[in-house]
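**Q** Here the structure of chain A is known, so what remains is to put chain B in place on it, guided by the hints.
Chains as they are written, first to last, in numbering that gives the first Met the number 0: chain A, 0 to 378; chain B, 0 to 129.
Just so you know, these hints were derived from the structure itself, not from any lab. We treat Cβ as the ideally placed atom computed from N, Cα and C, and that holds for glycine.
Distance ranges between label pairs, derived from CB positions:
| id | chain 1 | residue 1 | chain 2 | residue 2 | range |
| --- | --- | --- | --- | --- | --- |
| 1 | B | E50 | A | G369 | 37 to 45 angstroms |
| 2 | A | D210 | B | G57 | 42 to 50 angstroms |
| 3 | B | D47 | A | A23 | 49 to 57 angstroms |
| 4 | A | A23 | B | E50 | 44 to 52 angstroms |
| 5 | A | R34 | B | D47 | 56 to 64 angstroms |
| 6 | A | T336 | B | D47 | 47 to 55 angstroms |
| 7 | B | A105 | A | A23 | 25 to 33 angstroms |
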Amino acid sequence: MSAGTSDGAELKFRDPGRARELTAALARLVQSLGRAPVTLMHVCGTHEQAIARFGLRAGLPPALRVIMGPGCPVCVTDLCEVDEGVALALQGVRIATYGDMVKLPGSSKSLADAQAEGAQVEVVYSATQAVDLARASDQPLVFFASGFETTAVATAAIVLAQPPANFSVLSAHKYVPPAMEAVARLPEARVEGFLAAGHAAVITGFGLFEDFARRHRTPVVVAGFEPLDILAALVKLLEMIRDGEHGVANAYPRCVTREGNRRAQDSLWRVFQAVDGPWRGIGVIPNGNLQLREEWAALDARRRFHIDVSGLKQAAQSELSRRCLCGKIMVGLVEPTDCPLFGRECLPDSPVGACMVSSEGTCKIWYQYGGRPDLGGTA
Amino acid sequence: MGRGEQDSIGRLAPVRAILPSLWLPCLRLTCYDLPMCLGIPGKVIGIDGLEATVDFFGVTRKVRLDVVDEPVALGDYVLNHVGFAIRRIPAAEVEETLKLFAELAAAGDDQDLLAADLRAELAATQEGKK
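Next comes chain A alone, as it looks inside the complex (with noise of 0.2 angstroms):
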């Protein structure tokens, strides 16, 4: 079957001999392992918007499949965690939080409705800026921090750095190694082989995954997030799989270390632990939520406030949100175009689903980028 971008001319390839000789190296090596199809998985929002920006997938041999994870840290916030910070802020208490989040559904209310019925809602880019906000005035403010821990790291940051006393935290962040394990012990999803975050890796250091590799039997490799830095993580991949090798390999080593950032980690597990949480779609990811330690409760509004969830629970979930397949998009066992939604009653102004809301949600970024990326036979 011929791709959809078969001649690979809209390939926007810095070195375009080099992105051939590579994906000729994939299509050898799936070819060698005999079967398929062959599924390989990442846990970045940031690959998959590569990927389809560089329609990546128009080149891989049509038995190797490459579908995104639980990579999309606004997708995963559970709708509990939403209604807190709704509840909060329809208390009367202001709210800071990264932009994504606005639109973020929960239970029956976004902070965006909130925000409508009078709430105070703040976008924030950075902790920093929220504990500008705070310091500008003498109102209680609430952080509603949500990412992994790469972002975690800034949220600890600025809880070490003696903040104003009306500022806390929502904690929302989440810690990828455990879902990463979650999915691997999903008998269907059939993944042979991890795409490891470069960035996230840049703070946890490849060694991390090493223990996963060994028990799981799958290799992981951490890439960048270059076009040819992709596809020769996906070599890398393959070939590890072909020769049995259960490692970890750098296929970033111009910003990954195997031990990390030392210095981050130390402040992120300063200030957090690791505890089960619940992940939205996907279910209670032991170890995957990240909380304040009890020293630093005077900072944590869960502890601060009481906040009331109760009125936002609703008896039944709507029609169409039934129908969302956000929960086994972020799984990798359907994709967004087998969701009877997808570009229909879900889309990015109007989502029904938290993988359409988030950049770095796979519905929003097959959207963004002209639906199935890789049109491979099944278009």
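**A** Here is chain B on its own, set in the frame of chain A:
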């Protein structure tokens, strides 16, 4: 250190020229989303305690140094994520790291999520002093 770095940013002059115009949309705060794992490289041009002044393709911003892995000096390049430097990029690796970002910065299309995330990442830094 740093003669090599000087050169690599010099070659990004065309990007510098258009960046101020890309910069304005950042003021419309609700338009862009949070970048979750994208970090962007910039050159340190000033240091004041835990705060560095960093040149990102011609735009000067302030970046916190609380969690960066190694001591940062003037002329170093750092990878910034939501307003914090998360890595000092070794000099030999600077040029390679700048390439993708230079191209993205030049893309300038609101519909381009990767470019939009790059702008959001810049917006997470504080306004710098020249």
